[in-house]
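K.L.:
The listed protein sequences correspond, in order, to chains R and Z. With positions in the first sequence counted from 1, the corresponding number in the working numbering is that position plus 1. With positions in the second sequence counted from 1, the corresponding number in the working numbering is that position plus 35.
Among the hints, a few may not be true.
[What the hints assert, rightly or not] So the derived label-pair ranges between C-beta atoms look like this:
1) 751/Z / 86/R: 23 to 29 Å
2) 80/Z / 101/R: 51 to 57 Å
3) 696/Z / 66/R: 57 to 63 Å
4) 72/R / 600/Z: 29 to 35 Å
5) 91/R / 781/Z: 21 to 27 Å
It should be emphasised that the hints constitute simulated quantities derived from the structure, not laboratory data. Glycine included, C-beta positions come from ideal geometry on N, C-alpha and C.
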Amino acid sequence: MPSVILRAATPVLMVLLIIVSIYALLRGHHEPGGGFVGGLLIASAFSLHVLAYDVPSTRRLLRIAPHQLMALGLSIILLSGVIGLVAGGSFLEGLWATVPVPGLGEVAVGTPVLFDVGVYAAVMGMVLMIILMAAEMHS
Amino acid sequence: MLAWAVLSVFFGALLAPILHRVLGRPAGWLFAALPLGVLVSAAQLVPRLLVEGEAYHVSLPWVPSLGVELAVTLDGLSLVFLALICGIGALIVVYASKYLQSDPRLGRFYAYLLLFVGSMAGLVLADDVIVLFVCWELTSVSSFLLIAWDHERAAARTGALTALLVTGGGGLAMLAGFVLLVLSTGETQISRFAGGAVRDSPLYLPILLLVLAGAFTKSAQMPFSFWLPRAMEAPTPVSAYLHSATMVKAGVYLLARLHPTLGGTREWYLVVTVVGAATMVTGAVLAVTQKDLKRILAYSTVSVLGLLTMLLGIGTRAAISAAVVYLVAHSLYKGALFMTAGTLDHETGTRDVTRLRGLARRMPITATAAVLAAISSAGAPPLLGFLAKELFYEAVLASPSMVAILLVASVLSSALLVVVSVMVAYRPFFGGVPAAPTLPHEAPLSLWLGPSALAASSLVFGLSPQWLGDLPGAAATAILGRPAPLEMKVWHGVTPVLGLSVATLLVGVGLFRVLSGRQERLFDAATRLGAWGPTRVYDAAFAGLLRLAEWQTKRLQTGHLRHYLLVTVLTTVVLVGTPLLRSLPFSLSSSGIELPEIALASVILAAAVMATRSSSRLAVVAALGAIGVSVMLIYVIFSALDLALTQIMVEALTVVIFVLVLHHLPRFVRRSPARVWVPDAIVSVIFGATVTLLILMSSTLYPEPILSEFFVAKGYAEAHGRNIVNVILVDFRAMDTLGEATVLCVAGIGVHALLGTRMRKGA
C-alpha cells in the first residue's frame, strides 16, 4: 500500500512533470531538451502514477495503449519525412515556416519539430509499455 | 509509355490481393490485361524498330553517384522475349484463375505472378547491368514464392529453396562478373560495351566464367540442372510459365544479350557449346526415364535449354537465327504441353503417364491442343517446331568445329524428344480404353484457352512463317550486332537437313516402341543413378551448411546472458584492441585532469567494487545508480547538458523498473566460485583498459574538434537550431534517428513478447 503522502503529491507532481516534459520537447531545438528527454520525462510522470496507485487506473488515465503510442510516434516521424518529400525535396528534409501566434509573436514551425514530437511519443510508449508490464507482474 | 506499362504490372501485383477480394473471379481477366498492355505499348514501337531499324531507348538517372541509370531498350531481341513473356503471361493468368479457383489465397498468387511478369519484362528491357541484375534476382525471389506455394509440403519448400539457392548463387557470381565488366569498360550500359576492349582485357576469362555461372544456373545447364525438376513442385501454371517459357530462358537471354560483348572467342565457343551439348543430351535421356508428366516436360525443357545454349555457343549467323526460331517454337509448344498436363492432372487427379489412357474422346479440345503442341515438339511438319529443327540441323552441320560430335548429340537428343512428345501427347489421349483415377470431362474455357492459343500459333506460324515478320531476323541482328535477315520456308527441297529430320522422327518412333513397355524399369534405374548425380553434391553441401550453422549456434547462442556478454566483450576487445596495439607506441596526454573529475572517478570505482561485492540486490541497484549519477555529473562538468538530462532520466526509470521486477529475480544463493569470477574479472579489466585507451587515443588523434565546429557553424544557418545535439538528431542525421526510434519500438515489442509469455504461463 503506497504512502498517503505519495498519493497526495502525485497529481501535483504529474502536472509539473508533464509541463516540464512538453517544455523540454519544445525548447529542444535551441536549448538542452528534445523529444527523447521529453518522452522519458512524461513516461516518468506516469511511472509515478503507477507507483502511487495501480496499473488499471494508470492505463485509464493514459487513455491510449503504449503500443499505440509507439505506432503513433513512428507514424509522425514518417509523416515529418514525407512532408519534405512531397514538397519537392528529399525524404526527411527539414522545412521551416514562421507562423504568427497571438501573444507569442512570430513562431518558427518546421518538420524537425514534428519529428521530435514523433520521437517523444515513441519513447513514451516504449518506456511505459515496459513499466506497465513490469508493474503488472509485480501486482 | 513502355516503362509505365511495365510499372503498371508491378502496381497490379501490389493491388492484386485487394482487387481479387473486391472483384472476385473476373479479376483474373483484369490482371491478364496488364501484360497485354505492355505488349500493346511495345507493339506501338515496332514500326520504328523493324522498319527504320532504330532501337527504342530511354534512361532515367537512378544512382547518379555510381553512374547507374534506369535504362530501358527495346530491340529485336528484347521484343521477341517481351512478346513471349507478356503473351504467354496473359494466358497463364487466365489459366491460373481457373486452375487455382478453389484456393483462398488466389489473390496473393496473382500478386506473385504479376511481380514475376514485371521483373521478367524489366530484365529483358534493361540496358544497364545493375538494373538487369536487380530484375534477375527479383525473378529468383518471385519464383521462390511461387514454387513454395504449397508451403505446407516439405517437397515444395525444398524445391523452392533449391531453386533460390542455385539461381540466386549464380546471380551473385554474375554480379561479380558485371562488376569486373564495368571496371574493364567504364560503362554500365550494355549497349555501350565495346566487345573488342572486353575480349582483349586481362579480365576477360574471369568475366566470362562469372557471367556464364549466372546464365548456366538460371537456365538449368549441367551440372546445375537439378533444381528445375525439383521446382516442379510448383502449381502447374507456374511450371508452365516460369520453367518452360520464361525464367529459365533468362540465362539464354543473357547469353544472347552479351554475345556481342563476350562472344566469338575460343573460350566462349568451347565452354558454351560443350556445356550446352552436354545438357541437351542428359536432359533428353533423363526425360524419357520419367513417369510424371511434369518431370518429363521439365527434363525435356532442360534438353532444349542446352540446345539453345549450344547454338549461342556456336555463334554463327545460321546458329543464332536457329536459336531465335527454336526459342519461339519451344516457348509456344512447351507452354501448351505444360498447361494440358496441368489440365489432365486437374481433371483426373494424376500425372503418371503409365496410368493415363485414351482420354481424347472425353477431352477433345485439350487433346487437340496437346497433339498439335507435341507435333511441334517432335519437329514434324508443318508446325513451327519443324522449321526450328531444320534451321537447327543446318546450323550444326555448318558449325566451325566438332561437327560430328555435335551432330550425333543433336540427332540423339532430338530423337529422344520425339519419344517425349509421343509419351505426353499420345499415351494419355489415345490407345485403348479410357483409364485414369477419375474419368474427366472437357475442361472449361479458361483451362483450354491457353494451350489451344499456343498450339494454334505453333500451327499458324509453321504454315506461314512470314506472319512472324521480320521479328526473328531483328532478334538475330541484335544478338549478332550485324544485319542477319532471315527467310523461313516450310518446304525447301530435298536436302541433307530434311533427311536428318525424317531420320530423327523414324528413330524417335522406333525408340518409343522399344521403350514403351519398359517404363517402370527405366524409371527405377534412373532414380538409382540419379542419386549419384549433382543432386548428391548439392544435398551434401546443404546438409554440411546446416551442420555448421547448428554447431556455431550451439557455441555462440547458448541462451545464457553472461555468455552473450562474454562473447560480445571479447569480440570488441579483439577488434578494437588489434589496431590499437598496432599503433604502438603512442603518446597519451594526462594533462588537464582536475579535482572534481578525480573525485567522481573515485566514486564510480568504489560503487563498481561495491556492486560486485554486495550480497543484496537492492544494494547492487543502488551502487549502479551511484555510477549512473556520477557519469551524469561528468557530463555536467563538460557542459553536455543534453546527455546529463537523458542520463538522469534513464537512471530514474531504470530504478523504477528494477524495483518492480526485483522480487521476481531469484535470490543470491551463493556467490560465483573463484574459477568463474576470476576469468570474468580479467576479461572486464581488459575491456575497461581497451575502452580507456581508445578514449585517450581519440582525444590525441583529433586534437581539433573538426566535427563540432562544422555543426556549430551549420546548425543555425541550415537547420535553424542552436542546440547542435538536437540539430544532429532531428536534421543532419534524421535518418539514423528514424532507424533508432524503430529499433527502440522493436525492442519494446520484444520485451512485451517476453514478459507476456511469462505472464501467461503464470510465472
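K.L.:
Evaluate each hint against the coordinates.
P.N.:
Verification of the supplied hints:
Hint check: residue 751/Z to residue 86/R, Cβ distance near 24 Å, so the stated range 23 to 29 Å holds. For residue 80/Z and residue 101/R, the Cβ-Cβ distance of about 56 Å falls inside the hinted range of 51 to 57 Å, so the restraint holds. Range check, residue 696/Z to residue 66/R: Cβ separation about 21 Å, and the 57 to 63 Å hint is violated. For the pair residue 72/R and residue 600/Z, the supplied restraint of 29 to 35 Å holds, since their beta-carbon distance comes to about 32 Å.
The hinted range of 21 to 27 Å is satisfied by residue 91/R and residue 781/Z, whose Cβ atoms lie roughly 25 Å apart.
Checked against the numbered hints given earlier, the structure breaks only hint 3 and satisfies all the rest.
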